[in-house]
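Please take these sequences and the hints and turn them into a complete structure.
4 protein chains.
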Amino acid sequence: MPQNSSRAVGRHFLQIPGPTPLPDRVLRAMDTPIIDHRGPEFAKLAKRCLDGIKTIFKTSNPVIIYTATGTGAWEAALVNTLSAGDRVLMVETGQFATLWKVMAQKLGLRPEFISGDWRTGADAAKIEDYLRKEPIRKAIDAAGHPALLMVDTISSLASTDYRHDEWGVDVTIGGAQKGLMLPPGMSFNAISDKALAAAKSSKLPKSFWAWDEMLTMNKIGFFPYTPATQMLQGLAVSIEMLHEEGLDNVFARHARLAEATRRAVRAWGLEILCRDPKYYSPTVTAVLLPDGHDADAFRNLALDAFNISYGASFGPYAKRYFRIGHLGDVNDGWQVGALASTEMALGLAGIPHKKGGVQAAMDYIVAAHSGGARAAAE
Amino acid sequence: MPQNSSRAVGRHFLQIPGPTPLPDRVLRAMDTPIIDHRGPEFAKLAKRCLDGIKTIFKTSNPVIIYTATGTGAWEAALVNTLSAGDRVLMVETGQFATLWKVMAQKLGLRPEFISGDWRTGADAAKIEDYLRKEPIRKAIDAAGHPALLMVDTISSLASTDYRHDEWGVDVTIGGAQKGLMLPPGMSFNAISDKALAAAKSSKLPKSFWAWDEMLTMNKIGFFPYTPATQMLQGLAVSIEMLHEEGLDNVFARHARLAEATRRAVRAWGLEILCRDPKYYSPTVTAVLLPDGHDADAFRNLALDAFNISYGASFGPYAKRYFRIGHLGDVNDGWQVGALASTEMALGLAGIPHKKGGVQAAMDYIVAAHSGGARAAAE
Amino acid sequence: MPQNSSRAVGRHFLQIPGPTPLPDRVLRAMDTPIIDHRGPEFAKLAKRCLDGIKTIFKTSNPVIIYTATGTGAWEAALVNTLSAGDRVLMVETGQFATLWKVMAQKLGLRPEFISGDWRTGADAAKIEDYLRKEPIRKAIDAAGHPALLMVDTISSLASTDYRHDEWGVDVTIGGAQKGLMLPPGMSFNAISDKALAAAKSSKLPKSFWAWDEMLTMNKIGFFPYTPATQMLQGLAVSIEMLHEEGLDNVFARHARLAEATRRAVRAWGLEILCRDPKYYSPTVTAVLLPDGHDADAFRNLALDAFNISYGASFGPYAKRYFRIGHLGDVNDGWQVGALASTEMALGLAGIPHKKGGVQAAMDYIVAAHSGGARAAAE
Amino acid sequence: MPQNSSRAVGRHFLQIPGPTPLPDRVLRAMDTPIIDHRGPEFAKLAKRCLDGIKTIFKTSNPVIIYTATGTGAWEAALVNTLSAGDRVLMVETGQFATLWKVMAQKLGLRPEFISGDWRTGADAAKIEDYLRKEPIRKAIDAAGHPALLMVDTISSLASTDYRHDEWGVDVTIGGAQKGLMLPPGMSFNAISDKALAAAKSSKLPKSFWAWDEMLTMNKIGFFPYTPATQMLQGLAVSIEMLHEEGLDNVFARHARLAEATRRAVRAWGLEILCRDPKYYSPTVTAVLLPDGHDADAFRNLALDAFNISYGASFGPYAKRYFRIGHLGDVNDGWQVGALASTEMALGLAGIPHKKGGVQAAMDYIVAAHSGGARAAAE
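Residue numbers (this note's numbering), protein chains in the order written: chain A, 1 to 378; chain B, 1 to 378; chain C, 1 to 378; chain D, 1 to 378.
Each hint can be trusted.
Chain copies aren't distinguished; within one or between two, either way the pair holds.
Each computed EDC-like pair below joins lysine to aspartate or glutamate, with the alpha-carbon atoms no more than 16 Å apart: (1) K106 <-> D212; (2) K54 <-> D161; (3) K355 <-> E271; (4) K319 <-> E271; (5) K106 <-> E213; (6) K194 <-> D165; (7) K54 <-> D193; (8) K319 <-> D296; (9) K101 <-> D152.
None of these hints come from the bench; they were simulated from the model.
Next comes the structure, spelled out in structure tokens:
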């Protein structure tokens, strides 16, 4: 690192698990004079967004677009469907699951929290056990409505396959700043008919998050209050870009970069936080450092020396791991460049590791492309 | 209008009362690669914003920055300070006052609504009368806390003088897309010590809007959940621009353009919706059309012929008036260009009016500048 | 003007006769990652530009695109067709005609200069007289080739009708920063078959400006040396915009704004520099100030007070006039805003004039629109 | 590569040896409303550029800024200093040396061309031999002025150390689209006093390229004809960025990335076109493919599969090599990402090579950073 330089050189490797690197096309679409949010041009823009976002969630129902980050959409999912004292079954998979539990408490709900060690996913069997327990089942039956299934796709939407309708989800929460390649400031609720029905009897107070007014106004291409016009300009373009690439190609690319990243980590001889391959994330990989090495210090060194940012660590393993994002508008060369920066930073930091991580990633990518080429030729 | 043109020519006259025309400098500041919202560069950006926004509200207390439009900040003001069943005294000054009343009801509060005809402002004497009435006073006394004063400055902040601390306001609600010259998607709560104290006993459920976590995280330059990074990039620059111009100059400019606009309206022989000069807005002027003329049709004609947008009409006078904005990063020539487009559109639409509105506006502006020059010379 | 403001407020009225206000769409098209100027994406871009620019000059022959401002394209026209000592007949219509004469001299040519007073256009009869004079005619005949007709359209291209082929022009010189709504940095030579033939015998040394290599490389979508990629990105979009509006609509708009401007000047009681309406420019109007008033001082005052720039004065009338541009991506409201700024600045400067210029401009514009509507209805 | 994708994913690896990847800061500085090129704001901008560019060439004399790409600046160097029939000694180092020879011929000069095989640099001893030969020396003496030394730094300026004054160069030719990180469209002549003196007796016709008028107008902050305003906006910022990083840091970075690239090539077992390490370029490395492999086919495959562009091949080795750029605003991770894309593309193309190139590059970079850290600590 030059001694007296006050400039971070070249393009920043933003490898946090979202917000993701913004495509120039999205940024430029947002860098446009603002238009009247009650005029005819806006109505066209809103329609592109409201129609387009359904194809991303794979739903034929309306999707609510909020001017708020993902946390807001989570709150919206809860206040639109539940009443004070209602029970919510949640699974402790990590930091955000924990935050959602606290949110549910603050809103006057009663979360049941299936505890976990932050290193695995939501176990369907455990969830089934819980649901069979007397009190929850009973309450559900008494209320005459079955439990609603809510899924947080903030970190995975538009990066891995997701099908709101086909999978019978009631409320899907999504955010803009991940696979949708937008800045933070927009989030979504995809809604089933069952959720819409539940909203009618829900008693939690709500106004900003209320679905009903949104649905009414959206029908004519407008919003009940001033929407984030520039975010909508970006959204229309990002949806267009995803379809130009082809959603299945988008998913295959994320899967490829995720596996390449994990192979690099293993080749370095470092441990992946997630214990079970079944629960591997297609968008982020958390890497445990050997005992005695501070992950925050490593992140700082990598930022200074190689202009790269990683996701921070939280909870029981705070400061022991860093997270490498592999999502958004990222291609093979870029991701390998990020892995190379990481391998070089590990070297510079004197953190014990084996070389060869980048090589393992490249080998996997070449094989994946060759396979694709072969499959296409057959 | 050319018959077969599919392009709106030249710069659009966005004369709605917000969002306002975005300065290029703000747009370009937002058109920048996204940064890690937990990194050192972000902390510097957050500090610029959190410190800077205080100078706009003229408060030494912290100001909460929400990723949401103004409606969200209104909800925040209520849920942070009140409990179910609390009474809220509101004054029917127009469309938004009416919306806030509905919001309060939805949140489980009990609004007292001082009725009005949408053509005047909040009458201090009437408010005093209400507050003296037995039940409210009694409830307030019983609760042991005096009423909180909340002010919605969404349409006037950074356009006319406002002093949160000096004027003893408890919660001030502000938005980004007006005098702050930003896109919609950000709003504010400036808070008094009394409001902070009230927040401790408030019982309305809240999570996304909760002040406490925001205040805690903001202290170290971060946010409890992903903030709208690009909006903050824009905010830092817009605050800088306001101070470069000088806040008092900003206010004088808005006052000048507002008066120039009203003089044009009067010269046309048309009626200003607001009956009492005491309540004239420094940022928008609503113009009543003669009976039998549809304001929406006029707005459409003006948009087609002169590429200009006006604010729509609402409520009891819907379709009878249009609103001319005069706020944001707008100079004399621009505002007169907008008034000229209006006078020409009135002509083209065949709406009865007198010529000379633009001349009246120009005469006023020249006099205002000459006065300033004279004052400076003395 | 506020006393201590360090910021020019609002949008600058760039009323110089080019460069013209750049449309956001053009600027954003240029604000894009650079591409390989020898790759397939570039070839597509080059084709859009090379094909498109022909429709602007109305020629079926190739048009040469130079990375240079208009002065360069003028030099190119001369060095590609002429040899040392060749005679060039030029007409002194103003500043640029005078510059071209000096250029011809520097390049070793012998310009015949039909003198003028900078206040009228090129008189066809005078030109005919000159061409009939013995020595020129003789030289032309001796050389076996008739005189080539070269036209400088830098200030008028894409603003008023121009037909390279139909009008039998041999070399047309054009520039990017006027009606094409681009930044300066690109210029053009449209070429007749006769000019191409003349190029074969031309002996002036040339390399950068040489047509032959350009024509060869352009055929396959490339350039003999690195072209200004971003300018081409902008050019492709500006041509698209002109056709979306419709070239005839573009011309009608310029004619309307030009006449509106002249009516304003006359209503002010000021004199238009150009003496003969036959030679009025569709893109700029020079305004003489009353004796004793310094046009440069007026321009400075207007810039400070109203954020407006005018074209400077040159030659025999230097400091006695300023020039108001009315070209590029400018609509009615904008131009009237510029005229209003001018009328207000005249007032502030204490320059004797009558009010009513803006009113006259508006009256004309309304009539022009009404006429258009009437014509369309018939 | 997905079969039906119509979108190039992620950031393009533009590894041609210029234009180089444009920093966002430069692009945004150019994405700004155009200003009056004869107004006070422009004069400030011009001063920043005219002063700043001297620090890049390391000269205290003025530097001429042309609105033209490098080829234009080469022509300018010749026409300003020479007369028809003058001799020019040139060395055949590669494609551009050959182009300059042709240019000299077209301009009526008589180039002496020291032949070469495009795989080595300019040999000082051979140049000395030539200069000692009778006819040249004699002509030089007869003319009473010694040979002028002209250096083309287009590909190396602002990437490796260069000192116009200290090294006694008479005319230095530079371009914008390489180390200066700008788009193509601007080029430079740095000039010695001897060159200025030679310009007085030079007889080649010139107008656009003439130094004298440029020097006169630049003194007061303006240009003799409309300059490329937006390019100047970019230039002011790019100079600022180079100094923020520190020129020596810029040079060290380029040297590091160049050596890392060469180590990768050697590890792959491929041959570097340049035979002699003494002549290695700090900005580009040409890589010979094994016999029987078409470099153009390889470049196409790499572009499709990995969104990367390389420099094309020319001359005697056309289609046998491709060129990897390592210049401009490029950091370690980016360059390694480009090398990784190359190694993966070699694999996908079935071109015989050894793995380990990327590893070799990383090892070198880590060592270079460690050395720097050590050196700083001592």
